[in-house]
Amino acid sequence: GENVEQHPSTLSVQEGDSAVIKCTYSDSASNYFPWYKQELGKGPQLIIDIRSNVGEKKDQRIAVTLNKTAKHFSLHITETQPEDSAVYFCAAIRGGSYIPTFGRGTSLIVHP
Amino acid sequence: GAGVSQSPSNKVTEKGKDVELRCDPISGHTALYWYRQSLGQGLEFLIYFQGNSAPDKSGLPSDRFSAERTGGSVSTLTIQRTQQEDSAVYLCASSFGRNTEAFFGQGTRLTVV
Chain A
1 GENVEQHPST
11 LSVQEGDSAV
21 IKCTYSDSAS
31 NYFPWYKQEL
41 GKGPQLIIDI
51 RSNVGEKKDQ
61 RIAVTLNKTA
71 KHFSLHITET
81 QPEDSAVYFC
91 AAIRGGSYIP
101 TFGRGTSLIV
111 HP
Chain B
1 GAGVSQSPSN
11 KVTEKGKDVE
21 LRCDPISGHT
31 ALYWYRQSLG
41 QGLEFLIYFQ
51 GNSAPDKSGL
61 PSDRFSAERT
71 GGSVSTLTIQ
81 RTQQEDSAVY
91 LCASSFGRNT
101 EAFFGQGTRL
111 TVV
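Those protein sequences? They're chains A and B, same order as listed.
Per this note's numbering, the very first residue in the first sequence carries number 1; after that it's consecutive.
Per this note's numbering, the very first residue in the second sequence carries number 1; after that it's consecutive.
Honestly, the hints are just simulated from the structure, not real lab data.
The model shown is predicted, which means the values in this text are computed figures rather than measured ones.
All residues carry an ideal CB built from backbone N, CA and C; glycine is no exception.
Some hints could be false.
[Said to hold, decoys possible] Pairs of lysine-lysine residues, derived as DSSO-like cross-links and limited to a Cα-Cα distance of at most 30 Å, are as follows: (1) Lys11/B with Lys42/A; (2) Lys42/A with Lys15/B; (3) Lys42/A with Lys58/A; (4) Lys42/A with Lys17/B; (5) Lys57/A with Lys42/A.
[Stated by the list, open to error] With the C-beta cut set under 7 Å, the calculated list includes, among others, these residues of chain B facing chain A: (6) Gly28; (7) Gly42; (8) Leu43; (9) Glu85; (10) Ala88; (11) Leu91; (12) Arg98; (13) Phe104; (14) Gln106; (15) Gly107.
With the hints as constraints, model all of the structure from the sequences given.
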């Protein structure tokens, strides 16, 4: 089955800096890659996603890049703010499947 | 409309007791998932329902765990003879189907004492 590795497990940055979280996946048939943000005491919430027919997608301060050849994808957050502090999960879904496989999560801490 | 609703939000139970966790998905969503999140860990897939198809139970950790989905809507996850290692946050999510956004509930925090 699919295996998703996520790094780093913890990321500490100063407000205004950029943050990058990286994920790799094992199944070359995976074609949908969502990113979720989980705030304390809440369920994960989708923040951005990318499909395998594009290499990059941006939404204001966040962007995701995908390298299908290397089977890795990354989340980029620019101009970080304290409210960006949360746990971020990447996921991969195989084409034809319904079940996301999640990475282990990255705890992002943005210091004011 | 309302999002995915889970109840209870917190549950403390004694070791050996049975518990039932409830999930109300978003209306119209055909897919429903249960995940388990242990302290500091990622999201562990448990079970998946899609429409009237047989559920994918491949993630259930033992036969003490079971789930049902009635009328294609509400789902109940049952854990029999709870053990301390069952303590975790149980998350439910629903989606329109294949390769679409999964919407999560706030979770049920289960503590087995």
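Comparing the hints with the structure gives:
As the CA atoms of Lys11/B and Lys42/A are separated by approximately 16 Å, the hinted pair is consistent with the 30 Å bound. Among the hinted pairs, Lys42/A with Lys15/B is consistent with the structure: their alpha-carbon atoms are about 26 Å apart, no more than 30 Å. Taken as a hint, the Lys42/A and Lys58/A pair is honoured in the structure, with Cα atoms around 25 Å apart against an allowance of 30 Å. Straight-line distance between C-alpha atoms of Lys42/A and Lys17/B comes to about 26 Å, which keeps the hinted pair within the 30 Å bound.
Proposed proximity of Lys57/A and Lys42/A is supported: the alpha carbons are some 26 Å apart, at most 30 Å. Hint status for Gly28/B relative to chain A: violated, with the closest Cβ pair at about 16 Å, above 7 Å. Given hint, Gly42/B at the interface with chain A, holds; its Cβ is 4 Å from that chain's nearest Cβ, closer than 7 Å. Because the beta carbon of Leu43/B sits about 4 Å from the nearest beta carbon in chain A, less than 7 Å, this interface hint is met.
Hint status for Glu85/B: violated, given a least beta-carbon distance of 18 Å to chain A, over 7 Å. Because the beta carbon of Ala88/B sits about 14 Å from the nearest beta carbon in chain A, more than 7 Å, this interface hint is broken. Given the 7 Å rule on beta carbons, the hint for Leu91/B holds: about 6 Å separates it from the nearest Cβ of chain A. Taking 7 Å as the C-beta contact cut-off toward chain A, the hint placing Arg98/B at the interface holds, the least distance being around 5 Å.
Contact between Phe104/B and chain A, as hinted, is supported at the beta carbon level, the nearest pair being about 3 Å apart and thus within 7 Å. A distance limit of 7 Å between C-beta atoms decides the matter here; for Gln106/B the minimum to chain A is near 5 Å, and the interface restraint holds. The beta carbon of Gly107/B is positioned within 7 Å of a beta carbon in chain A (closest approach about 5 Å), and the interface hint is therefore held.
Figure legend: structure checked against the earlier numbered hints; hints not met, in rising order: 6, 9 and 10.
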